[in-house]
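Colleague: Let the hints inform the model, and build the full structure from the sequences given.
In order, the protein sequences belong to chains A and B.
Its first residue numbered 160, the first sequence is counted upward by one per residue in the numbering used here.
Its first residue numbered 160, the second sequence is counted upward by one per residue in the numbering used here.
These are computed hints drawn from the structure, not numbers from a lab.
Incorrect hints may have been included.
All copies of an identical chain are treated as equivalent in the list; a pair is satisfied when it fits inside any one copy or across any two copies.
List of simulated lysine-lysine pairs, DSBU-like, C-alpha gap at most 35 Å [to be verified]:
| hint | residue 1 | residue 2 |
| --- | --- | --- |
| 1 | K201 | K361 |
| 2 | K203 | K366 |
| 3 | K299 | K190 |
| 4 | K190 | K217 |
| 5 | K299 | K201 |
| 6 | K203 | K161 |
| 7 | K349 | K161 |
| 8 | K358 | K161 |
| 9 | K327 | K349 |
| 10 | K190 | K361 |
| 11 | K366 | K270 |
| 12 | K201 | K358 |
| 13 | K201 | K217 |
The residues making up each chain are set out below.
Protein chains: 2
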Amino acid sequence: MKTFDTSIYFITDSSDFSEEEFLHRVEAALKGGVTLLQLREKEKSTRDYIHLASEVLKLCRQYGIPLIIDDRTDVALAVGADGVHLGQSDMPVSVARRLMGNGKIIGATAKTVEQAVEAYTSGANYLGVGAIYPTTTKVKTVLTSTDTLRAICNAVPIPVNAIGGLNKDNISVLGGIDIAGICVVSAIMKADDVTTAAKELKAAYHKLTRR
Amino acid sequence: MKTFDTSIYFITDSSDFSEEEFLHRVEAALKGGVTLLQLREKEKSTRDYIHLASEVLKLCRQYGIPLIIDDRTDVALAVGADGVHLGQSDMPVSVARRLMGNGKIIGATAKTVEQAVEAYTSGANYLGVGAIYPTTTKVKTVLTSTDTLRAICNAVPIPVNAIGGLNKDNISVLGGIDIAGICVVSAIMKADDVTTAAKELKAAYHKLTRR
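Modeller: Below, the structure written as structure tokens:
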């Protein structure tokens, strides 16, 4: 497996945009320096998901950024994406590892130390932990405290990202916690100027973590 | 690839039943002599789809009947099912063949001769053609004439099944057409006595095709 950088992990949401506008925003985010990109589609047919994934993959390859597919190992395998991200209602990590092989990135969502350890021992390469703040991109938001986030960072030897309602103005709450990065949707996806938003988020994150 | 028999092809629909009742009905259909079984779930999470598929697979193995998974190659691969069935909005047949390998059954839906030939040349092992009659199990029903069904049977050298609102009392419309079998959902799934319904359907089908 190649190394990957989860520091500025952009998770997309195409629901408010035409395909053209969506791809334009994805490219603007890549220009702004996001380090990892996840395509997350909940409503599309398999064929439409594959189509969009192949378009986004072209952009990711152009900018040298890995593409992770939310939930669907079939879509990831169909287009040759770099990995999948699995929530607690998605395919178990161990099954995805068997289908994807050891060369692919498998991420998992964890809300507790127990879930984090389970995901790690099942073969996850990184974790997304949250929601730190309420978010508008999921119907139900279950919050995870920064204490739990810290405990998870201490419990597993893989990168842990914070997720949920994060933006450049509120990530200071993560200071001193050994996270590997932040996941954002709205802060980039819905910004008036996507490239600038990504750059500002990256600057704020690196100021926070001093690296 | 092992041989398979599409003559009495039962497509499930779990939406009106508890899991226990659903599995009971699936087993009752297997007892009644269905020759092929497709698990079709449109609303379940990936994890729930995998769970139900693994339960249904146990029953299918017990009765020696292949299990086909609707749409989702990831679910099929996760549980080790015998194949997938792909509609026009699902993964393209050629992609599924690459992911599944040559040992698995890949079926496709075709409504025109053009779609049928495309599916066959892409590697489909059988076709489902319809809807012959309006059906209650899909939101939109586009009807396919028996003339088109006949033309498809003549156009491709793979088994072609008729589908859509079929039951023991109306399949006579298929007489003289070189179909390999019939696909049914409601006629078995919603029957008061599932085993008897499957047996009666099988008897009616074999009377029609004289074999």
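Colleague: Now look at each hint and say whether the structure bears it out.
Modeller: Do the hints match the structure? See the list:
| no. | hint | verdict |
| --- | --- | --- |
| 1 | K201 x K361 | within (27 Å within a copy, 39 Å between copies) |
| 2 | K203 x K366 | neither (38 Å within a copy, 42 Å between copies) |
| 3 | K299 x K190 | within (31 Å within a copy, 42 Å between copies) |
| 4 | K190 x K217 | within (14 Å within a copy, 50 Å between copies) |
| 5 | K299 x K201 | both (14 Å within a copy, 21 Å between copies) |
| 6 | K203 x K161 | both (29 Å within a copy, 33 Å between copies) |
| 7 | K349 x K161 | within (30 Å within a copy, 51 Å between copies) |
| 8 | K358 x K161 | within (25 Å within a copy, 56 Å between copies) |
| 9 | K327 x K349 | within (14 Å within a copy, 55 Å between copies) |
| 10 | K190 x K361 | within (12 Å within a copy, 61 Å between copies) |
| 11 | K366 x K270 | within (26 Å within a copy, 59 Å between copies) |
| 12 | K201 x K358 | within (28 Å within a copy, 40 Å between copies) |
| 13 | K201 x K217 | both (21 Å within a copy, 29 Å between copies) |
Going through the hint list in order, the structure does not satisfy hint 2, though it satisfies all others.
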